[in-house]
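K.L.:
These protein sequence lines are chains A and B, in that order. Under my numbering, the residues of the first sequence are numbered 5 to 372, in order. Under my numbering, the residues of the second sequence are numbered 40 to 556, in order.
Source of the hints: derived by calculation from the structure; they are not laboratory data. Possibly wrong hints are sitting among the right ones.
If you want a taste of the chain A side facing chain B, the calculated C-beta under 10 Å gives, among others [to be verified]:
1. 49
2. 52
3. 84
4. 92
5. 94
6. 128
7. 129
8. 133
9. 142
10. 144
11. 145
12. 198
13. 212
14. 249
15. 251
16. 310
Derived coverage of chain A by chain B (criterion: at least 3 residues anywhere in the stretch with Cβ under 8 Å from a Cβ of chain B; other residues may be distant) [what the hints assert, rightly or not]:
17. 276-283
18. 294-300
For lysine to any residue, the following SDA-like pairs were computed, each having C-alpha atoms within a straight-line distance of at most 20 Å [stated by the list, open to error]:
19. 76/B - 91/A
20. 76/B - 72/A
21. 29/A - 18/A
22. 84/A - 371/B
23. 84/A - 76/B
24. 141/A - 105/B
25. 141/A - 491/B
26. 84/A - 125/B
27. 141/A - 492/B
By construction, the Cβ of each residue, glycine as well, lies at the ideal position given by its N, Cα and C atoms.
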Amino acid sequence: MSRLQRLLRNQTKVDFPELWKTTLKVSAALVLISVVALLVRGVNLGIEFEGGTVWEASAPDVSTADVRDALRGVGQADAKIQFVGGDVLRVRAELDATDATSVAEVSLALANLTGQTVDDVSFNSISASWGNEITDKAIRALIVFFIVVAIYITLTQEWRMALAALVAVAHDIVITVGIYSLFQLEVTPATVIAFLTIMGYSLYDTLVVFDKNRDYQRRSALVGRATYTRIMNTALNTVLLRSVNTTITSVLPVLSMLIIGTLVLGAVTLAEFAVALLIGLLVGTYSSLFVAAPAAAWLKERQPEFVELRDRLEARAQSRGTSVHEVEDVAVGPSPSRPAAPSSDRPARRPPQAGTAIPPRPRKRKRR
Amino acid sequence: MSRRSLVSLVFILALAAGLLAASLAVGNRPLLGLDLKGGVEVVLVPEDDPDRPVAITQGDLDTAVSIIRDRIDGLGVAEPDVTRQGRRVVVQLPGISDQQRAIDIVGQTAELRFRPVCAELFAEPFALPDAEGNAEVPLAPQLPDPALDVRGLAPCPTGIDYNSLETSTSAEDELNRFVVLPQRDANGEVTSRLLLGPSALTGAGLSGADSSYRNEFVVDATFKGGDDGANKFDEIAIECFSGTAYCPPGAEGRGRLAIVVDGNVRSAPVVNAANFDGQVVISGRFSEQEADDLALVLRYGALPIEFQDPTDPQSDSTSRAVSATIGGDSLRAGVIAGIVGLALVFLFMVGMYRLLGLIAMLSLGVSATLLWVIVAWLGETQDLALTLAGVTGLIVSIGVSLDSNVVYFEHLKEDVATGRALRSSLELSFPAAFRTIFRANFASLIAAVILYWLSAGSVRGFALMLGLASVLDLVATYFFLRPCAQLMSRSPSLMAHPHRIGLPTREEAIPAGAEAS
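Only chain A is shown next, with the shape it has when bound in the complex:
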């Protein structure tokens, strides 16, 4: 059976704990790079956050495309172009109004375009439209959100899961913002919304993965016979295809926006947004399996009952002169990916026989 076929049938044998050793290093490195980039380079905030300069000129028969071309010549292709009251052209760009040379360059370009003199083009400083109070409120809302979500996950699962999920969300946001800082991509209100979308997506995705894990930790035939991490590994293998498929369905529209919208049709505004979303969606799925899961496993393995379990398994392994892994294998059967948990709500009642798959439950004629 090919690897793809196995994936399609949920019969993968990915050894997640082994992969985590590498991915955690990669994640740590990415987070470190992101933090350093943020500290050293900061983020490139757009005109909505920092303000800039606004030019106005009478321009009765000029099109947006003409203006865009003229501005590209003076390096202001991403300026906001608007027509006010029909025939007054207004251009807003992220350019300090005190930077006289650059301001004059734009004025001249606009004057040439509209066939007027530079004096006919007025300019002024413009303040940020995204006020500090919006940022302050958003940060306060995010803090409350983190607290409430932590409480929610603690209530429905436990605090270890809450901590692990929030670590993953923070990981995603830091890396996405880090990439923006590293490549000095412009952060606009649209990008901020994209960051928030990513946050929501990452949390959602992590919760779906954790839910599957919880199912297995409760109902799997291996409970008490294998370590927490080992059972989680089985759960992750089962949920892997779902993660891959969901990522594909989420990424396809964004990718199409990035490629068709930006490259083919040349819509610059779409690009900044699509890039943030694309990175975020990929990182969001990745972090559920490779950050949230190992974090949860690490925390759980330190819980007394699981320490005890591991000690027991280790003792058994020692007495047989094998490794814990092999002891588990005996309990699990040859394939770690055999989904040993009945996924619906009825728990496995019969004790499983070691070394065999769970035999099919006799079909019932009717349920209730």
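Assemble chain B onto chain A, guided by the hints.
P.N.:
Just chain B, lined up with the frame of chain A:
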């Protein structure tokens, strides 16, 4: 069971179709944001007041910008663009073609002022007949220029027949003069007029206001500490409390302090204490609505400077139509990209899950239809504007809402792989998968509610979309996917050919090796 599924399916399809038809019939359309469609802008230029003690600073303008932004945010989720451009404040509002409406939304351009009340007058000026019974006495003319003291206050004028005074014009309405201003009822009719003294206390001294219920509806106003706010308020309060010539006592034995906005007295409460220390409670048998309104006036009406009236053709303030900031080309690119993306998703889902994939896409169709109806309705009633970012967010939510289906289908596969019969798997997998979907969506919903409740501007618009998408995902999953699954499990031909719904047959599902051991 089968009949119930059918009823549920018919219900959700009829609901979606009915709402869509109704929405189209009344002409609800999603309101497109400033970037996509443009709108109206109102340019506010500060009033040049030669009597103003200090020149207007950039800080004053920035405060005005943030107050106006708050005011518009308080009305709904339209994403306005409020900036200071030089000395002007420019407010752009999406999706509005009526300039008067834009001006109404931007609201009061006047300063909020507090003035001691000298006397309450009749609604219309009139003169008492003279000694000979001759009513043709000329109306009492001018109010004297007040003799201001260091606090900016002056004793009320004497020797004038107050009732014969004319109502002050807006040009006469200046902080350091005596004025006669009307008090109006809910219909805008003048109920009485008040002769008001000068004062130096404006809305700039306020730090906040809110309505609350304490035996009755009251308004709590908080003044900034120090000489600009709390101290200045106390200076007036002590005069009114003692009923001096600065603020003579009324029928209640205490003087009153009027709250004036744009030449109208909004409220004139009696001052019942000499010292407030910045914390003022205004009570007055308010209804809840009246208390809310007054709090709103105090909170948002507190512009630190006065702007020229944009409705006045003589003034420098104007209102004009503005075009979209994103060209039609970008919008078209976005739409094409969205359609292509959707088509790719469709091919993927159907290729992967066959009939189940088709059901997933139909389920998406149901939630998308409901979302369109709600967005159009909110656009019509709440000025919810769809910006490019909002549209893209919706495209992303396509992928996410398909996840509910994927979670279910994978659950199904797993169940079949453990050896359960396809028919019972179809039914039994749903509750388990739905629990997962519910828990995950509920977390998104929490995020949405908190962000909507606590944030402002476009973050708020995002929160609304996130919440809507989460709820609709649950609705579509429960009312569409579930009955579909149940109906499928009743189809004998499907049960015989699991490939049609993207599932392996039982022989394929269970690897040969496992059974042999």
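K.L.:
Any hints this thing doesn't respect? Which numbers, in order?
P.N.:
1, 16 and 18
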